[in-house]
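K.L.:
Input sequences plus hints: build the corresponding full structure.
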Amino acid sequence: MKNKKITSEKKFEIVSTIVLTVLTLIALLPIALIVIASFTDEQALLTNGYSYLPKKLSLDAYYYMVQKGVMISRAYGISGIVTIGGTVLSVIITAMIAYPMSRKNFKYRNHLAFFVFFTMLFNGGIVSSYMLWSRFFHIKNTVWALMLPNYLVTAFNIFLVRNYYANSVPDSLIESAQIDGARELTIFRKIMFPLAVPTVATISLFTGLLYWNDWINGLYYITNPKMYGIQNLLIRIMDNIQFLKSGSASNLLGTASVDLPGTAVRMAMAVIGILPIVIIYPFVQKYFIKGVVVGAVKG
Amino acid sequence: MNAKKSKAKRGYAKSAPLLLIALPGIVYLLINNYIPMFGIFLAFKQFDYVKGVFGSDWVGFDNFKFLFHTRDALIMTRNTLLYNLAFILIGTVMAIFVAILLYELGVKARVKLFQSALLLPNLMSWVIIAFIGFSFLNSDSGFINNTIIPLLGGKEIAWYSEGKYWPFILVFVYLWKYTGYASIIYMASIAGIDKGIFEAAKLDGAGKLKQILYITVPMLKPTVIIMTLMSVGRIFYSDFGLFYQMPMNSGALYDVTQTIDTYVYRGLMKLNDIGMSAAAGLFQSTVGFLLVITANGIVRKTDEENALF
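Quick note, the sequences are listed as chains V and L, same order.
Those letters in the first sequence? Residues 1 to 299, by this note's numbering.
Those letters in the second sequence? Residues 1 to 309, by this note's numbering.
Hints in this document: simulated from the structure, not taken from any laboratory.
One should not assume that every hint holds.
Calculated pairs, SDA-like style, for lysine to any residue (alpha carbon to alpha carbon, straight line, at most 20 Å) [said to hold, decoys possible]: (1) Lys107/V to Pro24/L; (2) Lys221/L to Ala188/L; (3) Lys226/V to Gly80/V; (4) Lys202/L to Ser8/V; (5) Lys107/V to Leu20/L; (6) Lys108/L to Ile14/V; (7) Lys286/V to Asn122/L; (8) Lys286/V to Leu119/L; (9) Lys210/L to Ile14/V; (10) Lys270/L to Arg236/V; (11) Lys195/L to Ser8/V; (12) Lys195/L to Leu209/L; (13) Lys108/L to Thr17/V; (14) Lys210/L to Leu105/L; (15) Lys155/L to Ser51/V; (16) Lys56/V to Asp140/L; (17) Lys107/V to Leu19/L; (18) Lys51/L to Leu132/V; (19) Lys210/L to Val15/V; (20) Lys11/V to Glu199/L; (21) Lys108/L to Phe136/V; (22) Lys10/V to Leu20/L; (23) Lys221/L to Thr21/V; (24) Lys226/V to Ile237/V; (25) Lys286/V to Val107/L; (26) Lys290/V to Ile185/L; (27) Lys195/L to Phe12/V; (28) Lys14/L to Arg183/V; (29) Lys108/L to Thr21/V.
P.N.:
Okay, structure coming up:
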């Protein structure tokens with residue numbers, strides 16, 4: 001009897017390891033293809049296509065980027081500024097609005113919660129939001145266009161921090177600070193914000209990822225290539241492949257098309273676009289997973 | 001609840017300083033989320049750049065009339081709904097499947113390794129994913145046309161102009177990106193199941209498979225309900241990146257890739273048809289709103305614990 005149970009579990013372990021290995025390969029192999037392509041010789045790419053076992057390896061794509069890196073480093077700079085600036089701003093404002101919502105004796109806490117929650121239920125659509133940001137706030141072709149619309153403060157994150165405050169910070173802490181004569185802003189700055197560090201880390205991660213990966217704001221609000229972040233630069237370069245293929249490009253561009261980066265370079269750019277994420281990921285994985293779990297619990 | 005009330009009675013906090021702290025967030029939500037809600041009147045206007053948002057002429061329901069007379073309206077609504085249904089159904093099954101495998105595997109180091117790998121696609125932007133898709137699918141140098149098809153002895157396929165493959169491609173890519181993420185949520189709910197139940201089942205001689213089928217899966221019901229409820233509320237929305245970037249905005253594929261979101265974008269930015277685009281957007285947010293309310297109402301009737309609000 002006992003033996004049978006052990007074998008049933010052992011069997012399960014073997015089968016699930018195999019299935020998960022297959023799924024893992026499916027998850028990783030597509031990413032591996034562009035990494036390998038970025039290290040493939042351009043000529044080999046043209047004749048043999050993308051391959052996991054390229055005929056000839058080469059670092060040319062990366063050399064090219066170092067040499068002609070002005071546009072690329074500019075785009076990285078913009079993505080970096082937007083990611084860091086947007087995340088810092090987002091976290092501070094989110095924690096600030098979440099704090100009063102967590103205070104059980106705050107008169108308007110339910111009003112405020114509904115005010116935030118309603119944004120999850122209904123929205124005015126992209127057309128009016130586009131009109132507002134571009135025609136009234138004139139953010140087109142500025143870094144604000146990449147930072148402000150849509151992502152800065154979201155109901156999801158607010159509820160995440162609110163729940164953390166409400167569940168993990170004892171009321172008595174605030175009361176004793178008040179007895180010591182601390183004002184609300186001091187309480188927030190000196191006590192509440194530092195206490196929220198675990199959640200702040202989690203939402204920073206989500207927000208940072210969102211900003212780094214965002215291309216939609218750029219698509220709507222950036223028309224000047226000098227203001228492209230890395231994602232929008234990648235889109236532009238991918239568009240150019242289509243453009244070249246359509247045949248009309250050679251007439252229009254003449255020899256200019258020679259200067260367009262080759263396939264390997266495009267892939268190398270995509271690879272360094274992923275790189276920051278892959279580097280930070282192992283260190284922040286636990287926060288990421290915690291964030292997904294906590295976020296799944298209703299506000 | 002009573003404890004909360006008595007605490008509240010102990011004296012309201014002074015609201016002004018607290019409101020002041022909340023102010024930046026309130027202002028942002030007003031600008032980003034609330035003011036555009038009033039902008040829905042654009043759907044009832046013939047927008048004219050010269051006359052501006054307020055000066056343009058009212059046209060009643062004309063934008064809607066035109067929109068619903070086009071073939072686009074039917075196609076984008078159908079696509080949005082069918083893809084989302086497929087995502088909810090297949091996505092949930094896959095996520096639970098992976099969650100159970102990961103959870104039951106139990107070997108910590110291996111679980112972490114698999115989980116990290118399965119989550120990685122979720123961290124990539126749609127632009128990068130489109131690059132990856134292109135490296136597989138493009139007709140001259142793509143991996144599939146160059147390596148897989150010759151291996152199987154078939155004929156090359158022009159992926160970016162043949163619509164019939166795209167429902168499968170899009171569902172596959174969706175699962176590829178989101179399964180790892182969704183499985184974390186289900187893993188957490190499995191972890192929340194009382195271990196005693198499994199112990200008791202084990203004593204009764206139930207093997208792993210039986211435990212999973214008769215304990216784990218039924219116990220996941222509340223999580224499935226809440227996750228489905230949230231997806232149903234979003235059923236009129238689609239992942240813009242999946243439907244716009246992934247097919248490389250290929251016009252030949254619009255029949256199977258056009259969703260309300262991509263239509264609104266094209267209407268607004270490419271065709272400059274602001275009225276129709278706004279009408280489609282209002283259609284989307286209104287039906288979306290009604291769906292959230294309805295779905296939540298149904299859940300509240302049957303199972304109050306799991307309702308969203």
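K.L.:
Decide if the proposed pair is consistent with the structure: Lys195/L and Ser8/V, CA atoms, cutoff 20 Å inclusive.
P.N.:
Holds, at roughly 19 Å.
K.L.:
Would the pair Lys11/V and Glu199/L pass a check requiring their Cα atoms to be no farther apart than 20 Å?
P.N.:
Answer holds: Lys11/V to Glu199/L is near 19 Å, not above 20 Å.
K.L.:
Holds or violated: Lys286/V with Leu119/L, Cα cutoff 20 Å?
P.N.:
holds, 12 Å
K.L.:
Would the pair Lys51/L and Leu132/V pass a check requiring their Cα atoms to be no farther apart than 20 Å?
P.N.:
Holds - the C-alpha atoms of Leu132/V and Lys51/L are around 15 Å apart, at most 20 Å.
K.L.:
Quickly compare the C-alpha distance for Lys10/V and Leu20/L to 20 Å and report which way the hint goes.
P.N.:
Given that 20 Å is the threshold and the Cα spacing comes to 60 Å, the pair is violated.
K.L.:
Does Arg183/V lie within 20 Å of Lys14/L when you go C-alpha to C-alpha?
P.N.:
holds, 11 Å
K.L.:
Is the Cα-Cα distance between Lys108/L and Ile14/V 20 Å or less?
P.N.:
holds, 15 Å
K.L.:
Need the status of pair Lys195/L, Phe12/V: alpha-carbon distance at most 20 Å?
P.N.:
Measuring from Cα to Cα gives roughly 19 Å; hence the hint holds.
K.L.:
Is the straight-line distance between the alpha-carbon of Lys56/V and that of Asp140/L 20 Å or less?
P.N.:
Between Lys56/V and Asp140/L the Cα gap is close to 19 Å, so the pair holds against 20 Å.
K.L.:
Quickly compare the C-alpha distance for Lys202/L and Ser8/V to 20 Å and report which way the hint goes.
P.N.:
holds, 11 Å
K.L.:
Taking 20 Å as the top limit, are the C-alpha atoms of Lys226/V and Ile237/V close enough?
P.N.:
holds, 14 Å
K.L.:
For the pair supplied as a hint, Lys108/L and Thr17/V, is the alpha-carbon distance within the 20 Å limit?
P.N.:
holds, 12 Å
In summary, the structure is inconsistent with hints 21, 22 and 23 from the numbered list given earlier, while agreeing with the others.
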